[in-house]
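J.: If you read the protein sequences in the order shown, they are chains R, B and F. Under full-length UniProt numbering, think of the first position of the first sequence as 1, with each following residue one higher. Under full-length UniProt numbering, think of the first position of the second sequence as 1, with each following residue one higher. Under full-length UniProt numbering, think of the first position of the third sequence as 1, with each following residue one higher.
Just so you know, the hints here were simulated from the structure itself, not pulled from any lab data. If you're wondering where the values come from, they're calculated on a predicted model, not measured in any experiment. Among these hints, one or two may not hold up.
Claimed, not checked - Cβ-Cβ distance ranges computed for the label pairs, FRET-style:
(1) F:299 - R:427: 38 to 48 Å
(2) R:29 - B:24: 18 to 28 Å
(3) B:125 - F:10: 47 to 57 Å
(4) F:324 - R:402: 49 to 59 Å
(5) B:20 - F:11: 30 to 40 Å
(6) R:80 - F:199: 49 to 59 Å
(7) R:554 - B:22: 43 to 53 Å
(8) R:51 - B:78: 20 to 30 Å
(9) R:141 - F:324: 53 to 63 Å
(10) R:402 - F:299: 51 to 61 Å
(11) R:654 - B:20: 34 to 44 Å
Claimed, not checked - Coverage of chain R stretches by chain F, computed from C-beta distances (three or more under 8 Å per stretch; other residues unrestricted):
(12) 584-597
(13) 623-637
Stated by the list, open to error - Just some of the chain F residues that point at chain R, by a computed CB distance under 10 Å:
(14) 12
(15) 118
(16) 233
(17) 307
(18) 309
(19) 320
Think of the CB as a built atom: it goes at the ideal place given N, C-alpha and C, for glycine as much as any other residue.
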Amino acid sequence: MSLIGQPLPRVDGPDKVTGRAHYAADFPADRMAHAAVVQSTIARGRITGFDLAEAEQVPGVLAILTHRNAPRLGKIPEIPPVDPVGTPEHPLQDDLVLHQNQHIAVVVAETLEQARWAASRVRVSYAPEPAVIDMQATLRHARPASKDEISAKPGNVGRGDADATLASAAVTVDSLSVMERENQNPIELHATTAQWDSDGERLTVWDKTQWVQSCAKHLGAAFNIPPERVHVIDPFIGGAFGSSLRVWPHTYIAAMAAKVVGRPVKLVLSRREYYGGTGARPWTQQRVRLGADRDGSLQAIRHEVTAENSRYEIYTENVLKATPILYRCRNVDLPYRVALRDVNSPNAMRGPGLATGVYALELAMDELAVALKMDPLALRLRNIPERDQMKDLPFSSISLEQCLTEAASRFGWDRRNHQPGSMRDGRLQLGWGMAVSNYPAEKVKATARARVTAKGEVHVATASSDMGPGTWTSVTQVAADTLDLAMEQVKLSIGDSALPMAPVHGGSMTISSIGPAVRDACEKLRGAVYGAAGVNTGDILEIARRIGRDFEAEGAFDPGDLEERFSMEGFGAVFAEVTVDPDTSEIRVRRITGAYGIGKVVNPLLARSQCIGGMMGGIGMALLEQTEIDRRSGRFVNGNLAEYLVPTMADTPALDVTFVPEEDRNVGGLGTKGLGEIALVGVAPAIANAVFHATGKRLRHLPMTPDRLAMA
Amino acid sequence: MNTQDSHTAPAPGVTLLVNGTRHHLAIGPEVTLLDALRERLNLTGAKKGCDLGQCGACTVILDGKRVNSCLVLAARAQDRPITTIEGLAADGRLHPLQQAFITHDAFQCGYCTPGQIMSGVALIEEGRGHDEAEIRKHMSGNLCRCGAYANIIAAIREAAART
Amino acid sequence: MQSFTLQRPSGLAEAARLGAEGGEFIAGGTDMLQLMKEWVRTPDRLVDLDPVLDPRIEAGPQGLRIGAGARMEAVAVHPEVARIAPAISEALLESASPQVRNLATMGGNLLQRTRCGYFRDAGVAACNKRRPGSGCAAIGGENRIHAVLGTSGQCIATHPSDFAVALVALEATLHLAGPDGERDMPIHHLYRTWDTHPEQETNLRPGEIIAAIQVPATALSRNARYLKVRDRAAFEWALLSAAVGLEIDGGTVRAARVAMGGVGTKPWRMRAVEAALIGKPANDDSYAAAAAHATEGAVARGENAYKITLMPRVLARALALAGGAA
């Protein structure tokens, strides 16, 4: 029986439940020194001076670095697909302040307490310049994103004549919505431990990163050494959700500090420091206009997004990626605008772009269903696309209809009274809403190595990572399955930049990319062992032992021209039930059903976990999460985990996950489409539409907190 | 074990009783229990997620009660029994809740997991492990950003039924 | 945190003396350590109250006596507390997390500082609580959680304790120990409102320590209820809350105690609401009519305007709960 498709427990489970799994801040080193950053308290301007007298008197201080004495960094590269367009922060290199909570100095001391204490005593003087923070003011200067800025975002291509069609359409809706900035807020704090070899030529870094090899390249460039001399290690990532895609300024700072003091240095950002030290899902405003025939056939879509950005980089994302393919429609217009303000650059957060865009699109679709007096499910079913009209390609497979009908059936959608405000549970208003989910099935080049030793041990290696989806387990499954071994007979290595090349661990493409590379390596290994023994069957461990030497094989995956032949997309459908307390305006999610067509499911146990996690993330996005930035100063007003609210166990509804069978022979590799992002994408709009159904009030601003409902 | 910080405040320091072993640390009163465990004793199972008692990743059992070790001064934990995730498995055998976490896939990234398990062990001791509503309410001090809560509930119920 | 001296007094009197000499008190430490780690407070001397505070919870004919050293969790699950003053159990069980409740003391709970994000960010220049005279960044800022009652141009911060709201409704008395001896203080005298000095939050004298809390046992206390409104279902301070006790006889309200949290600069006793209830039939119409008085004098400052909208609805619901509705 194939191991692929089996609900196997995590191979890293025992390490994780005993505290033996080591994350970036968990690696000990002899003579470790501790670092703490000093952050800016203005949003824009120049640093005019530092008063270090008090800080230097704190016992145990080894060094204080500012732009005046820090080592000079080389140019930090832009590595696609992660880095935005522009000039990234080069920390401690000049006197410019670009945003609040920017790292402007670092203190290194014997102990963590001393480092933080001294950092708190660094006095900074500034020449502030006027900053624009308030989004309403920022929007007045919004401009279209340039071609360069959105070059990698194919969703931005429209077709037909949306404006003219909207003007003559039988039924139209015009839906404006806003989503606040969200922070990924993985529970693991961002941390870097850096150590230079005694000759100062080699750097070892334990870093919280989703891409060890990109981290090595960035550090190599910054410190003017070849990337091979930078060893980045991160076997376990304590969640990331996009927050560890880029190499953030503190990683360079830790390496600079280690270089200056000649000792290993550990730098852990506090939760408050994290808000300015990394990125966030951008604040967005979207306007979706739909035009349809009386029978619900879509004729035109105009979907415009305006997204916040910093002034030093432009980050755009796939907000408009789903709109031109999700529904059959001839006329589509997709303007993307950017609004620059004096904040730190936004970046990708789980379901980047699509989570934002599908929210607005599905809100508008719900409004269209109301305008048409039509079941929202029937409206979706009427507009299911036959092919990808944007790329003008067939889908490798599409199970949207099956997802919709399967989820609707499991949810009991046919018992819905479509009249808003009509359903009750005692005092509570009850609402049922639904939305479609979608994420591209991305995959890129990857490599792997497989080895069997003369002792009969199998080692498989690739430089990928595991931030939680289960790479450790699913890749072991692929290797064990290919080699016809038991799971415990395969020893996997990941999370190390010295291992064979692997892509960024993000964008739901890990198993689709490294899975087939590992399979290829294992097939080649088996071929090499059989070839040496002159057999074409048998246990490779036994044969290797008998022959008495090691065998090794390199494997690779290259998607080749797949992208030119097929549009590869995962689809899903999400149904949600909410209660609304009419006295308190509290909204609670009671249950969610999701059905997904995502190709091959390698491990249904872990896949379900991904999906229930995406649902919880969607609940946060819909009801709780917003990064409050003071509109005058740019300070993060809720820069913690007490007032930046993520869902708790008490917020957990009944969660029902199902995968519709989807054997996709066109999608390549293992037949997988990826799952991490699509699990989140449709959740918030399903909840938002359920809130409308419960109350008859259309909340157009995420999160839907009691204050917004009370004032709606 | 005797760990020295070269520049910290005065002896006599602090004696901690962790997982049945006594450790003397030459640390001052400003060191939290969490930082004493992680940075002085190399017991990195307790995690730092917020350092402000807002996430639960640092949960340990102190005097039989679950607490945020980031909100305890090590000096005030002097000579009081402390159990961390490293001390939970007896003789190499996993605690029933540790095993149930694996069975029910009650984690993804694993970072909040030591805190969840320590909190869950205490919750079961408190007699709150059998009722789902009680579990949901009284496990809400442990944030899980991967959203594994539904599986954590299942794991706690199973372990509670067995203990 | 910075280095400091931890002083360990042998009794309350010594502790009070050390406090009067400028030492800062620490009890459970759950709020103090947050403030110290964020550099909002930087004491160089801490006086450890933990060994000298009374942790006992006692029920007698007069009601409950809760030692200020009792942990929130111990009080929350105490059967006599649930019997005599269920609003206290409810308020505590809806507060913080079990881990925090196992550390935090009752005295410390009453003296925890506001959750105002401008107060808790030492990188913000304008905060009259942190730096008297520097201004108030919350006015005109992100003030969704801020107060609509008792505010001034100096400060609009709320007091975050749920427990204190229940105590105000139940007319609890604080037993204080100070350098000059002991005294009793009604709970509603503990907190100050501020026109000019928001940094002065309580009427405690230098060195004075909350030693115990006395809660009278009455028919009112036994059916009082606590209702808390928040974004998520647990582990969050209140956006709004209400503690309500009603004495109903023959379908008529004979006595009422009403307090609200999350709306005022201190736990807010709603005397006009109470007056409007007396003698009225115990029904939803009376509750709604009385609850409308809750917003008298309320001033919105932007994002907290919804509190004025929600106050009557939330209070009417709490009255219905205390009146025996499901």
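J.: Going back to the hint list, which numbers does this structure go against?
T.: 1, 3, 8, 14
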